[in-house]
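Please build the complex by placing chain H on the supplied structure of chain R, with the hints as guidance.
If you want the building blocks of each chain, they are given just below.
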Amino acid sequence: MDLATLKMYLFPLAEGASATIALFFPTAFLAVALGLVVCFCRMSSNGLVRGVAKGYIEIIRGTPLLVQLFFIYYGMPEIGIVLPGFVAGVIGLTINLSAYLAELFRGGIQSVDAGQYEAARALGLTRLQRLRAVILPQAGRMIFPALGNYALVLVKESSLVAVISVYELMRAGEMLAGATFKSLLVYSLVGAVYFLLCSVVSGAFRWGERRLAVPGYWDGAAGHDHLSKA
Amino acid sequence: MNTTQAGADAGNEIIRMTNVSKWYGDFKVLDDVSLQVRAGEKVILCGPSGSGKSTTIRLINRLEEHQEGEIVVDGMAMSAGMGNIERIRAEVGMVFQHFNLFPHLSVLENCTLAPMMVRKVPRREAEARAMRYLERVKIPQHAAKYPGQLSGGQKQRVAIARSLCMEPRIMLFDEPTSALDPEMVKEVLDTMISLADDGMTMICVTHEMGFARQVGDRVIFMDKGRVVESAAPEDFFRAPATARAREFLGQILHG
Numbered sequence: 001m002d003l004a005t006l007k008m009y010l011f012p013l014a015e016g017a018s019a020t021i022a023l024f025f026p027t028a029f030l031a032v033a034l035g036l037v038v039c040f041c042r043m044s045s046n047g048l049v050r051g052v053a054k055g056y057i058e059i060i061r062g063t064p065l066l067v068q069l070f071f072i073y074y075g076m077p078e079i080g081i082v083l084p085g086f087v088a089g090v091i092g093l094t095i096n097l098s099a100y101l102a103e104l105f106r107g108g109i110q111s112v113d114a115g116q117y118e119a120a121r122a123l124g125l126t127r128l129q130r131l132r133a134v135i136l137p138q139a140g141r142m143i144f145p146a147l148g149n150y151a152l153v154l155v156k157e158s159s160l161v162a163v164i165s166v167y168e169l170m171r172a173g174e175m176l177a178g179a180t181f182k183s184l185l186v187y188s189l190v191g192a193v194y195f196l197l198c199s200v201v202s203g204a205f206r207w208g209e210r211r212l213a214v215p216g217y218w219d220g221a222a223g224h225d226h227l228s229k230a
Numbered sequence: 231m232n233t234t235q236a237g238a239d240a241g242n243e244i245i246r247m248t249n250v251s252k253w254y255g256d257f258k259v260l261d262d263v264s265l266q267v268r269a270g271e272k273v274i275l276c277g278p279s280g281s282g283k284s285t286t287i288r289l290i291n292r293l294e295e296h297q298e299g300e301i302v303v304d305g306m307a308m309s310a311g312m313g314n315i316e317r318i319r320a321e322v323g324m325v326f327q328h329f330n331l332f333p334h335l336s337v338l339e340n341c342t343l344a345p346m347m348v349r350k351v352p353r354r355e356a357e358a359r360a361m362r363y364l365e366r367v368k369i370p371q372h373a374a375k376y377p378g379q380l381s382g383g384q385k386q387r388v389a390i391a392r393s394l395c396m397e398p399r400i401m402l403f404d405e406p407t408s409a410l411d412p413e414m415v416k417e418v419l420d421t422m423i424s425l426a427d428d429g430m431t432m433i434c435v436t437h438e439m440g441f442a443r444q445v446g447d448r449v450i451f452m453d454k455g456r457v458v459e460s461a462a463p464e465d466f467f468r469a470p471a472t473a474r475a476r477e478f479l480g481q482i483l484h485g
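Top to bottom, those sequences are chains R and H.
Just so you know, the first sequence maps onto residues 1 to 230 in this note's numbering.
Just so you know, the second sequence maps onto residues 231 to 485 in this note's numbering.
So here's chain R without its partners, still in its complex pose:
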């Protein structure tokens, strides 16, 4: 394979990969933020707020991402909302992921032992202080491995936005395959690049687990150490 051929394959794939990365970060950030908001709404003492959050979670989780993307990109223009493909992709992926994260966060928060809330209250911590210093650090560790899974899912599912003509890794592969008629080679390369991106994400989460590890309590892989009730 000469240099020109190499360039012909590598450049579009590198460009596509960087677009996939550019999709990943804002989506991951926004999905976590929105997921937290939905989670707290879902746990609200206000029945209406709780109901709306529950409905949101059920509807989003109960419909395909592809339908959601088409709805935003092709459907919304009919009511005057026209979004560029990239923006529509970020919004679609964010909304989709936020529903799953909201439930993950809720599970994490509810897994924190009631005694932890009581001890924090008994020490005079306000609701916000309890959440910040006692509940979220424990819930965060609890869900951290699952959060890593969702990050991998996001990397791979972002390939779906190719169908709303966002130029990212998958779309780059499609165009390259169309131009070269070497589908086997091109999609092998596309798969390899996704695998590489996922390896980086996995590595980042493994590093995070080591950083967050607490002796006798949590080491990431095993989740909570049930033998040591604090």
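I should point out that these hints are in silico values taken from the structure, not numbers from a laboratory.
Be a bit skeptical, because a hint or two may be false.
[As the list claims (entries may be wrong)] Derived SDA-like pairs: lysine to any residue, alpha-carbon spacing no greater than 20 Å straight-line:
(1) H/Lys-375 to R/Gln-129
(2) H/Lys-258 to H/Glu-295
(3) H/Lys-375 to R/Pro-137
(4) H/Lys-375 to R/Thr-126
(5) H/Lys-350 to R/Thr-126
(6) H/Lys-454 to H/Val-259
(7) H/Lys-350 to R/Gln-129
A quick note: this is a predicted structure, and the numbers were derived from the prediction, not measured.
Just chain H now, kept in the frame of chain R:
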């Protein structure tokens, strides 16, 4: 705030519960409970399970809310929708049966968290204070460890130190030794005895009758949500006035 001040106002009433009742749904857990505690006093609460003794002390720092009657702690009346409940909680330390240490924080951080967040004590001072109280409970060598690395007795002593770091005026103990292995009970009771000797106001829910005799100024026996007896420990143990208390003592002493 500290033991000197606690000693200075010894004898003044610091907790008053008057005709307090509480329901969980239809079930009346507390029935017309009245109780006064003077500063520096050591009160032992005992009774069979479900008698309302834990609920009673949990009302004092408002981990639970009552529906009828009046509760005044350190001059502040507890009421629905009261503001600044944190102010009372800062003055009332609590030690739990299951320790409830924060597992993600080191022993030192467990002790500095509330003083820094609630009392706004600067970190260095909070750490110095934490070390002082960890020495007090004879565990300073474990300051850098995490709760999961300690034995039950050590955890409970850290929990006591964590409460003391807030320099509370009242300490509540909710069955502090009942989750411990027998060989660890003594180290925790010894810590509580030394605290009592310093003049701390203490309310202890416990079945440790030796401790009750040695430390208690008064034993309150509860049954089915009511205060059945209130007497000096020697009188209560030697000659309980009610059949219910006699039966209870028979069970825990020979059970």
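Going down the list of hints, with the structure as the test:
no., hint, in the structure
1, H/Lys-375 to R/Gln-129, "violated (23 Å)"
2, H/Lys-258 to H/Glu-295, "holds (13 Å)"
3, H/Lys-375 to R/Pro-137, "holds (18 Å)"
4, H/Lys-375 to R/Thr-126, "violated (26 Å)"
5, H/Lys-350 to R/Thr-126, "holds (13 Å)"
6, H/Lys-454 to H/Val-259, "holds (7 Å)"
7, H/Lys-350 to R/Gln-129, "holds (13 Å)"
When held up to the earlier numbered hints, the structure conflicts with 1, 4 and fits the remainder.
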